[in-house]
Amino acid sequence: MKSSQISQFLKLPLQGEDLEIKTFSTLAECTPNTVVFAKKYSEKNAIFLSENNQILAIVALEYAGKLNCPHILSENPRMDYLRILQEFFAPKQTQFGIHPTAVVEIGVQIGKEVYIGANCYIGSQVIIGDRTYIHANVVIESETQIGHDCCIKSGAIIGQAGFGFERDSNGVPQPFPQLGKIKIGNYVHIGANTCVDRAALGTTIIDDNVKIDNLVHIAHNDEIKENTLITAGVVFSGGVIVGKNSWIAPNVCIKEKMQIGKNSFLGLGAVIIRDVAENTVVVGNPAKELKI
Amino acid sequence: MKSSQISQFLKLPLQGEDLEIKTFSTLAECTPNTVVFAKKYSEKNAIFLSENNQILAIVALEYAGKLNCPHILSENPRMDYLRILQEFFAPKQTQFGIHPTAVVEIGVQIGKEVYIGANCYIGSQVIIGDRTYIHANVVIESETQIGHDCCIKSGAIIGQAGFGFERDSNGVPQPFPQLGKIKIGNYVHIGANTCVDRAALGTTIIDDNVKIDNLVHIAHNDEIKENTLITAGVVFSGGVIVGKNSWIAPNVCIKEKMQIGKNSFLGLGAVIIRDVAENTVVVGNPAKELKI
Amino acid sequence: MKSSQISQFLKLPLQGEDLEIKTFSTLAECTPNTVVFAKKYSEKNAIFLSENNQILAIVALEYAGKLNCPHILSENPRMDYLRILQEFFAPKQTQFGIHPTAVVEIGVQIGKEVYIGANCYIGSQVIIGDRTYIHANVVIESETQIGHDCCIKSGAIIGQAGFGFERDSNGVPQPFPQLGKIKIGNYVHIGANTCVDRAALGTTIIDDNVKIDNLVHIAHNDEIKENTLITAGVVFSGGVIVGKNSWIAPNVCIKEKMQIGKNSFLGLGAVIIRDVAENTVVVGNPAKELKI
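Residue numbers (my numbering), protein chains in the order written: chain S, 802 to 1093; chain P, 802 to 1093; chain L, 802 to 1093.
Simulated from the structure, these hints should not be mistaken for laboratory data.
You can't tell identical chains apart in this list, so a pair holds if it fits in one copy or across any two.
Cut-off 30 Å, straight-line C-alpha distance, at most; resulting in silico cross-link-like pairs (BS3-like, lysine-lysine):
| id | residue 1 | residue 2 |
| --- | --- | --- |
| 1 | Lys984 | Lys841 |
| 2 | Lys893 | Lys984 |
| 3 | Lys823 | Lys893 |
| 4 | Lys1026 | Lys1058 |
| 5 | Lys893 | Lys913 |
| 6 | Lys984 | Lys845 |
| 7 | Lys1092 | Lys1063 |
| 8 | Lys841 | Lys1063 |
| 9 | Lys841 | Lys982 |
Based on the provided sequences and hints, a complete structural model is requested.
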């Protein structure tokens, strides 16, 4: 592939020689005939790039006039680089069907071009939308509806009973029946070994474009609104509502029934014991607003 | 079903019309001919219920004389509602046997009416008591004894070696052989993707009626006493003892060999680096007693 | 076995009678004809041991002259006891091969005397070194290279895509293609239900003799250097580098791209939002240096 093809794809002008491009890499590991990107300007990066004129660099506008190597100026180098990788380098998903070792109960509704990997178990009341890809060793049970173009990573457990108990007069915890559902929207990612519990009553809801990392616990009756990102190790209690476009950093934990406003940012390890207003950054144990 | 049947089952008088009851729901989602509950009194709830005279409400004593709709007054509405759901709505467990894709080694002792789900692996020294239900993709190894009427959720891993190492004179960690056992009592719940490690020497113990949520780590030689509730994301170090009737909130972590007294309450995200006396509430990082 | 055999194996003199040894145990649970150890001196232990002259005690030098029972003085009683357990009591690994329920794709390279357990899934680009033992229900995908003499515990998920997204102009998170590799050294342990993600670009690296406990998240492009111990519930963000011989306590979480110096000690529940210098102890949320 030539650099000019990348330039045409991005609809951005190519500065310098029209190199042959064979691969992609990080700046730190770049070899000749590779495409790289630099998001922020640094003199170190500018010098490094100028000394490596056999690479194509997708760079921020601040690099204008400062590079000798072939490059493309971009308002968002990381997003444009992402688009290049998706278009030219990422393997296209072409695997459909059900692996012979997967157990799919009678009654499951499966859309078009779905993949269900090895050693999965899919219970009889599950609905799976078109082009959703389910990796190996996933378990999905209960009345769980999953939208189209979702990705469920290996070891995820969706649809187990939520954790609800009431102590009887002897102090013995008696299970509150967990009879609710799960509704997962479109383009949702569920991470490896992440758990999503069914509601007690009603529905646990994960809206469109929510992306969840590994080892996360989504509890009964939680509701996560669209475009929110939930990173690894986050633990929800039950009945939490998270507004759209939020960011929940690793190892955050959230008390039951908290309401987290849209565009909020819950910082690394924050312990959320009060509601969080929209457009707010909170950090600490207990979490407090960080004025910035 | 008629409301009078519920009244008779609870042995509590029915106030108002003897409605036909078809389903159950939360207050927020209620439709006609449903049974709901309200634990605490609020004027908003009282008005809402009085405007919906096609529902049966199981309500706290404070609602007496304040409702137009059919209702039953209860000292513990949530517990009575739980009993209604268990009696009239929860599916009865009728599935017994071993799923054909489960691997159960020769030597395993299995009680009556046990279920072992798809893609499980059960090692040869495991004992499983009557009516214990093991969901899909569970692994149980080592000398692990599980009591009767337990529930092991999908992805739980029970009986792997504990994490014990001793650095040699070059600083290389050498594994301390993990040769102990696990003893799990009756009516114990183990959550999805939760791990319970075998003891180094001796036995890791989980007593009767302990309920453990998802993504919890129980380490070698821990001992959890009866009726204690352990919520999601809790991480134990080795050799911890937790007294009975305690509550461990999400994402709590506990230093090795700590002793946690009975009836203790470890708050959300608490980092436990000292023993906790009985009947004590602790919160924070590091955790300190909260006087209440 | 006689105590004198243990003495000869350790090359340390036996004090007292040459007992028959039948088993091993903790001090708390010891029965006659057992071998036990005591790491630190306490008068309570000394009295207890002296009253039990049918046991062999491997004890610290401070016990010299204070015991009536048969004993062996040791500079490192726990390490010597570990060696006794490994030599005389731990079952030798003799299980090789691939369990018939494991799915191993064409193309996998497998060394000598490897074991792959029940219900595993191994993708086609995986390389597994000699004598590596993979427990049940493990998933390994992507270009993942695992060294020799490793132990991968049940439920571990290795090689899923890392968590990388870039919001487009509508705020919708678009996945950054995750096209990198994983390289795991020799004598590495990966805990139950632990996740190790492939790099975005480049390689996620876990060096020789790193031991990782259960429910840990290793993110894309992390690099963990040799002999470091990572305990349960630890959550890494991406691009973190941890120096050799470090200790990461339970439930620590680490911000992206942090550099953790060698011989560092990250205390229980520490929230790491700044680099950590070598030979440093940090604790708290946010983590601060603890001068000791």
